[in-house]
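Participant: With the hints as a guide, dock the two chains, each given alone in a separate frame, to form the complex.
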Amino acid sequence: MNIAISSTSEKPIYQQLFEQISAQILKGELETGYCLPPIRQAAQELRISVITVKKAWEDLERRGLIHTITGKGCFVADLSPDQRLQIRNEMILKQMAGDASYYKSFGLTIEEAIELLKKVYPNE
Amino acid sequence: MLALDVRNLNKKYEKFQLKDVSLQLEKGYIMGFIGANGAGKTTTIKSILNMVHIDGGEVYVLGKNMADHELELKQGIGYALGGIDFYTRSKVKTLTGVIKKFYAHWDDAAYSDYLRRFKLDENKKIAELSIGMKVKYSLALALSHGAKLLILDEPTSGLDPVARDDLLEIFQQLVSDGEISILFSTHITSDLEKCADFITFIENGQIVRSAEKEEFKESYLLLNGTASQLNEVKERLISYKTNSFGFTGLIHAGDYDPSSGIQTATPNLEEIMIYFAKKEDLHV
Numbered sequence: 000m001n002i003a004i005s006s007t008s009e010k011p012i013y014q015q016l017f018e019q020i021s022a023q024i025l026k027g028e029l030e031t032g033y034c035l036p037p038i039r040q041a042a043q044e045l046r047i048s049v050i051t052v053k054k055a056w057e058d059l060e061r062r063g064l065i066h067t068i069t070g071k072g073c074f075v076a077d078l079s080p081d082q083r084l085q086i087r088n089e090m091i092l093k094q095m096a097g098d099a100s101y102y103k104s105f106g107l108t109i110e111e112a113i114e115l116l117k118k119v120y121p122n123e
Numbered sequence: 000m001l002a003l004d005v006r007n008l009n010k011k012y013e014k015f016q017l018k019d020v021s022l023q024l025e026k027g028y029i030m031g032f033i034g035a036n037g038a039g040k041t042t043t044i045k046s047i048l049n050m051v052h053i054d055g056g057e058v059y060v061l062g063k064n065m066a067d068h069e070l071e072l073k074q075g076i077g078y079a080l081g082g083i084d085f086y087t088r089s090k091v092k093t094l095t096g097v098i099k100k101f102y103a104h105w106d107d108a109a110y111s112d113y114l115r116r117f118k119l120d121e122n123k124k125i126a127e128l129s130i131g132m133k134v135k136y137s138l139a140l141a142l143s144h145g146a147k148l149l150i151l152d153e154p155t156s157g158l159d160p161v162a163r164d165d166l167l168e169i170f171q172q173l174v175s176d177g178e179i180s181i182l183f184s185t186h187i188t189s190d191l192e193k194c195a196d197f198i199t200f201i202e203n204g205q206i207v208r209s210a211e212k213e214e215f216k217e218s219y220l221l222l223n224g225t226a227s228q229l230n231e232v233k234e235r236l237i238s239y240k241t242n243s244f245g246f247t248g249l250i251h252a253g254d255y256d257p258s259s260g261i262q263t264a265t266p267n268l269e270e271i272m273i274y275f276a277k278k279e280d281l282h283v
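Heads up: the protein sequence lines correspond to chains A and B, in order. Once you know that position 39 of the first sequence is 38 in numbering that gives the first Met the number 0, the rest is easy, because the numbers rise by one and skip nothing. Once you know that position 226 of the second sequence is 225 in numbering that gives the first Met the number 0, the rest is easy, because the numbers rise by one and skip nothing.
Only chain B is shown next, with the shape it has when bound in the complex (with noise of 0.2 Å):
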C-alpha cells in the first residue's frame, strides 16, 4: 500500500516551475527527498499538502484523493515545515491545548509520553526551544494525533551532529512497526546514507529519479580516467571535472562502456548532487 502517491504535480511561477512532480512512498518506509536549494522541494512539500494552490496534478494519501478528502487525511499527516514558526511567547502547554482541539484523535496519553521522550519541559516557551527541540516538539503534536504519514522540510538542518543523529533513531524507531512512513527533505545527504528506503532527486523543479537508495546509486557511476580517455567519453558524461592527472566525472551506469577500461565507483549521494549541479553550470 503506498502511504503518499503523487502523481504530475505542476505549479507555475513567474520564474520556476514544478514540471511533472510525481513520487511513492510505501508504507512503512523512509524516503529522502533530495535536491540543491531552490530546486523545488518546499514547493513539492506544500503542494502535497495543498498549501499552495496546483495548477495540476493528484495527491492521494493511503488511497484517498487528498483533494477530496483533504480535511480528513490530515487528522493522519504530521507535519513540520522549517521557516514556519509557532507563536513564541507562549508556553508550550498552552499552545499544545490549542492546537490540540484541532484532532479528532488526539491522545493525551501518547503525548506525555513523547514529552518524556524528547526531554521536552512543557512549561518552556517556544522561544526558550532550541532548533533540535522545536522539531521534536513537532514530531510530538503529528504522533499525538495519530499520524500514519509525516512530512519534514528539512527537519535536520541547523541540528548539532549529535542532536541529528538522536532525531535518525526517532525516524528509524517510528517506522519499525512499518504503520509509520516518513518524507523528509534535507540537503544534508550523509543523513539518508544510513537511515532512507528511497531517494527522490528533485532538481530545477523536475524529479530527476525516484528510486530505492542503493538502486538510485547504482544507476550512477562516477568514472576516473585520463584526458585522452575523457574525450572518449565527454559527450555522455553528465558532467565532469578536470586536473592536471585526468578527470573525474559521473554517467548514468547505462551509458557506460566497460571495454573503455576506464576505472569506475559507486557515486555516494553527495558526489550525484554535486556533479548534478554542476551540469546546470555547463550549460549557462
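Bound conformation, chain A alone (with noise of 0.2 Å):
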C-alpha cells in the first residue's frame, strides 16, 4: 500500500489518505483480502493523529471498500466488476462536479473544458 500524504493540501488528511486507498483498491493494486495495517501502527508510521486513521477506515468501510473482522483487522472487500466501476464513478463525479462549477464561472462550455482538458490530460 502506497500512501503520500501532504500536510500542506487544502484536503483535510483523512480525505487524502481516503481517496489513495480507495484508488488503489478500485484499481485492483489492492487485492481482495489485503489486510490493511492496524490503526495505531498506520497512524505512528505516518506521523498522524489516531483518529485521522480511524476516520479514514471508517469511510472505507462505509463505502464498502473494506470491512472490518472484530480482533483481526480491516481487509479490502470482496468487489464486483459492476460495484467498481459504480464506486468509482461516483467518487469521479463528486470531484468533477466541483471542478465544473469552476470552468463555468470563467463561462467555458462544456465542449472548450474538454478540450482544455485534454490539452493537460497525462498519458502515460
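Derived from the structure by calculation, the hints contain no laboratory data. Among these hints, one or two may not hold up.
What the hints assert, rightly or not - Lysine-lysine pairs mimicking DSS-like chemistry, simulated, CA-CA at most 30 Å apart: (1) B:Lys73 <-> B:Lys123; (2) B:Lys193 <-> A:Lys93; (3) B:Lys240 <-> A:Lys10; (4) A:Lys26 <-> B:Lys193.
Facilitator: This is the structure we're talking about:
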C-alpha cells in the first residue's frame, strides 16, 4: 500500500488517505482480502493522529471498500466489476461537480472544457 | 475508558478565574490544549494536579477521583511543567536517585532504556542540559515510574524545529499501544495539526470547545468576501479583518448561510485562535 501525505494540501489528511487507498483498491492494486495495517501502527508510521486514520478506515468501510473482522483487522472487500465501476464513478463525479462549476464561473462551454482537459490530461 | 475526566473546575483569583472548565480525554489518545498566553492553560493543569486549591469541580484519573486518591493516582501520572526547574547543580544521576524513591513502581531497566533512547547523559549536571534535554529527562522520569497519563505544560516551547519534531514523534510512539494518554498545552498550533487527536481550546478561563480535531476545525468557517457581503454577515461573525478588497472573518459553521454565496474555507487551528483573540479586542 502506498501513501503520500501532504500536510500543506487543502484536503484534510483523512480524506487524502481515503482517496489514495480507494484508488488503489478500485484499480485492483490492493487485492480482495488484503489486510490493512492496524490503525495505531499506521498512525505512528505516517506521523498522523490515531483518529485521522480511524476516520479514513471508517469512510472506506462505509463506502463498502473494506470490511472489519473484530480482533483480526480490516480487509479489502470482495467487489464485483460492476460495484467497482459504480463506486469509482460516484467518486469521480463528486470531484468533477466541483471542477465543473469552476469552469462555468469562467464562462466555459462543456466543449471548451473538454478541449482544455485533453491538453493537460497525462498520457502514460 | 477516560484517562482524564475534568468536570466543572472553578478557581477564582482576584483578576482571573477558571469557569466551569471541563474536558475529557480518552485512554490512548493525544489531546492538545490551546489558548493564548494567560488564557488559563497552566492554571487548569495545576488544578488537575491539585497544585492549586480549587474552589469547585472534580477531577477523575482513570476512573478514580483525584481528591480522594491523590497519592495513588500520582504514581500513574507523569508531568512536566514549564518554569518549574530541577535543582540545577546536581548531576542527572543524583537527582534521579532522589526522585525514584517517591515511586513504588520505579523501573530501573526502563529508565536506562529511556536515557539511551533520548540520548541523555546521566553524568551531566542539570544546568548543562538544553531545554529539549530537560523535557526528555522529565519524560524519562515519568515513563520510568509507569505513568499512564502524561500532563505536559508547553513541552515544545523553546525547542528548535528538529527537537520539536523529535519530541512529537516520541509522543506518537508512546500512545501507539493504546495504554498511555497525553494532555499537552502549547501555543505552537502546528505541533497539533498532525499529532493531536483532540483539541481543547480555552479562552479567558473558559473552555470554548473541546472536540476531536477535525470536528473542532470544521465547526468553524473562514469567510472571504466583499465589503457589501460583510454587512450581511457582520452580526454573526466571531471577528473579522477588512482590507481594501473585502474581508476575511471567522464564523460558527452553524451560523453560516450557504445561500449568501460567500466563499468559505476550513480554518486551521492558528486561524481559529487568532480570530478569537481579535474578538476580545473588539469588545474591549
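Participant: Name the hints, by number, that the structure is in violation of.
Facilitator: none
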